[in-house]
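Asker: Work out the full structure: start from the sequences and follow the hints.
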Amino acid sequence: MFRSQHQDELHSIVTSLLPEARNPNYRPFNAVNDNNLDADLYLDPEDTQTLSHNAISPLQSYPVSHSQARPSLGLSLPLTTNPPSPSNPPTPKVWLIFGATGHMGRSICKAAIEHNDSVCCVGQANSDTTATMTNWYPNCPERYTGLLCDVRIRSTVQTAVQGCIDAFGRLDIVANCSGYGIIGACEDQDEFEINNQFETNFMGTLNIIQLTLPYFRQRRWGRYLIFSSTSGALGVPGLGPYCATKYAVEGLVESMLYEVERWGIKCTLLEPGHMRRDDVHGNIQSPDLGNLDHAYTTATTNATPSGADATQSAQSGDPHLPLFGHFRITHPSPPYQTIDSPANHARRILQWIGSQQPTSVSRTAELSWQLAHCQFPPLRLLLGFYAVDSVRDRLKSVMEEIEDWKYLHFPVRVLDYALNNTWPETVPAKGNALDNPVNKAWLQTCLEYPVMMHGLLYAASMQMSFVGDSSEEGPIVERIRFAHYSETIKQVYKHISTLEGPPPDALVLVVVTLAVHGRAEKEPAIKCHPKSPLHKLQFLHIYGSMHLALEHLPALMSLLQRKGGLAGVTTYGMAETLQLADIYFATLSCVKPHFSLMREPPSLLASGKLKLDPIAAALMSELLSGFKDLHPCPCGQDLNDALEWIREVTVGVDMFHRNVPGAPALYELAPSINTGQSKMLTLDATILSANSEDTSVVCICRMASLIYNDIVIFPCPEVQRVKIRAGGMLREALEYHFEQFDFRQHARVLLWATVLGSIATSFTPGQPWFLRRLQWQAWELGINDWPSLQSLCSKFLWWRPVCDEPGLRIWNEMVTQVSSVAVRRASD
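Per our numbering, residue 1 is the first one in the sequence shown, and the count goes up by one each step.
Hints may be right or wrong, so weigh each one.
[To be verified] Below 20 Å or equal to it, Euclidean Cα-Cα: the simulated EDC-like pairs (lysine to aspartate or glutamate) are:
no., residue 1, residue 2
1, Lys536, Asp638
2, Lys536, Glu551
3, Lys609, Glu644
4, Lys430, Glu668
5, Lys628, Asp638
6, Lys536, Glu523
7, Lys795, Glu521
8, Lys531, Glu521
9, Lys93, Asp166
Hints are computed from structural coordinates only; laboratory data are not their basis. Bear in mind that the values here come from a model prediction, so they are computed numbers and not experimental data.
Answerer: Printed below as a string of structure tokens:
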């Protein structure tokens with residue numbers, strides 16, 4: 001239905017452009033391989049009779065002259081190829097046609113002569129004669145010459161090429177119609193026959209191309225028409241070696257086309273179906289074909305059956321050419337003599353078709369001439385419904401087979417993804433991802449504990465589904481993923497039920513993996529701030545995009561307790577991974593981690609990983625300067641310690657963002673990030689009625705710093721709602737402080753915390769409270785514009801590339817809210 005609609009639209013367009021298209025019999029030929037539009041290539045029996053009796057011979061009723069053109073056969077290449085036409089008249093070309101004594105070669109020769117081109121026809125050296133080839137077109141000797149060669153012998157091909165150039169002064173188009181095949185089982189064809197088919201069909205084509213390419217390349221123009229076959233796209237039983245030669249030709253030409261297209265050289269592979277001899281060659285003297293049957297064959301081979309030759313010869317007026325002259329038949333051996341033997345398929349097809357081949361050779365020749373003269377020829381041209389349907393069905397079966405088996409490599413693809421992404425990003429290190437030591441250690445553990453292999457394959461497949469385009473995934477991938485998940489659960493249960501003593505490291509990591517990889521959820525479209533450069537570090541953008549599977553957490557805590565904590569984990573990278581998971585779990589709820597830090601890394605400045613330039617030094621000096629006004633308290637020192645780690649990471653990220661010399665690599669920041677986040681989460685600063693004013697301020701700073709970390713330092717995806725959760729806790733701490741204490745003593749740090757709370761609750765019902773509080777606090781401090789507020793925030797924790805945009809938006813929303821209130825009051 002779509003096809004019909006498309007054709008109707010095409011016809012309406014052509015009708016509006018071409019007046020002749022209004023003729024109801026007019027059909028735009030937009031695709032030679034369309035069954036409806038291809039009909040011009042085929043004739044009904046009545047049409048065949050008409051054509052065979054009324055066809056114009058160059059020597060009889062249609063004398064060839066420069067002033068006359070070939071009669072139109074009613075078909076044309078698509079307009080996209082810019083074919084020859086009255087508005088695009090062709091210029092005369094010089095042809096060199098190999099295999100010209102076959103019916104296809106003769107028809108192309110005739111078409112080119114009738115279109116006023118010059119032609120050099122090359123016959124077979126071992127069966128034709130010079131006199132015969134020379135006398136083909138005695139009426140136009142200035143545009144025709146005949147030569148002989150054996151395409152298997154390179155020197156004779158060179159002689160033919162040079163002879164054409166000597167005769168006409170140039171060479172424009174090379175057409176290769178030579179070739180033959182042996183019909184018979186692959187087992188029955190001897191070495192000579194197989195070699196001879198390759199020498200003729202493939203090496204002959206290669207000789208022709210190699211000897212003409214230098215000439216075309218020098219001229220920066222040239223055209224090849226290589227007659228291939230549907231056997232170059234199909235596997236035909238009974239034609240195995242012949243198909244192999246055509247496959248080779250197709251691969252050769254397609255590869256060559258990429259190499260020579262820059263020199264203006266074009267090539268087309270023509271793949272016709274079974275061709276009917278409906279062309280008439282009049283009084284052209286045919287070569288002596290008496291010995292042609294055995295010219296390329298052994299004694300075990302006979303010519304194809306010629307029972308239908310008389311019928312078609314009567315129609316074509318040329319009794320010299322055998323019906324299927326380019327095929328020979330090998331006598332089948334006993335295993336292949338049965339009537340239903342697939343090896344006899346090709347012979348049965350020829351017997352069944354007889355003289356009723358569907359494809360018109362005269363129209364094929366006409367299209368070949370147009371291909372040689374058009375500007376944009378295709379690489380392949382299928383001619384006839386047999387060729388189109390058979391190749392289309394073959395390609396369809398190939399695609400179906402690919403779809404059926406494309407998931408066979410899925411586990412390997414998933415493992416490759418884990419080796420290149422998941423594992424190295426979880427435990428980042430210097431150098432190439434594949435060289436990360438974690439890969440070797442974890443692969444070895446997977447071999448020892450299959451439960452870990454199944455668990456990590458399930459996890460990596462979940463990650464691939466989330467980060468990639470899942471449109472190609474189907475039910476098969478889902479079943480494979482579920483199979484790994486089910487096997488993981490089964491083996492985890494088996495290990496736990498039989499566990500004696502501490503669990504293996506692999507079992508602990510697998511349970512963590514199951515806990516992290518819960519239901520996946522895409523991030524919301526609304527972003528409350530730009531993404532930090534650290535948002536992909538340690539794969540947080542992936543782990544954070546999946547909800548926790550809380551049902552696995554009790555088992556995880558039990559296993560780690562039996563393990564003796566993180567110190568009992570010895571496999572490379574696993575303890576660090578479990579530490580990261582613990583910090584991540586605590587971050588989601590803004591609570592203390594279960595485990596203390598295993599080790600504290602050296603400072604970025606002390607280790608030399610952070611080499612400050614003037615801008616970085618100024619930023620280092622400005623950050624945290626506002627916290628100096630805080631009074632010392634037991635938890636204040638811990639707050640300052642955590643803030644120092646966060647400041648170093650902020651400066652490091654800024655240098656990385658500016659891409660300046662001395663900037664640390666992102667993976668070098670990971671230990672400091674985890675340390676600062678863990679220390680901030682571990683602060684003992686809960687909201688209690690007995691809290692002192694200083695402890696209350698520390699609690700507020702802790703929650704505001706966690707919001708800042710979620711924006712810049714330890715960013716979790718929006719779906720985890722960490723900022724919103726921390727914003728709610730910050731509001732609770734601020735309300736308690738405003739009720740119990742005078743805010744003026746710590747007005748600046750409280751204003752900074754309120755700004756971060758406003759950002760954290762962006763686009764939520766909780767934001768108006770922060771905006772009202774921001775308006776009041778800013779008024780108390782005399783802050784009347786955004787630059788002043790920005791300057792204040794920069795003295796605490798603030799990184800402008802990420803924080804300025806939401807901060808300015810918050811300020812504008814606050815100003816708008818104040819203006820709206822003022823307008824309402826004025827109207828009242």
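Asker: Confirm or reject each hint.
Answerer: Hint-by-hint comparison with the structure:
1. Lys536 / Asp638: 28 Å, violated
2. Lys536 / Glu551: Outside the cut-off at roughly 27 Å; violated.
3. Lys609 / Glu644: 16 Å, holds
4. Lys430 / Glu668: Since the Cα atoms of Lys430 and Glu668 sit roughly 8 Å apart, the hinted pair holds (cutoff 20 Å).
5. Lys628 / Asp638: 14 Å, holds
6. Lys536 / Glu523: Given that 20 Å is the threshold and the Cα spacing comes to 14 Å, the pair holds.
7. Lys795 / Glu521: 36 Å, violated
8. Lys531 / Glu521: 18 Å, holds
9. Lys93 / Asp166: 15 Å, holds
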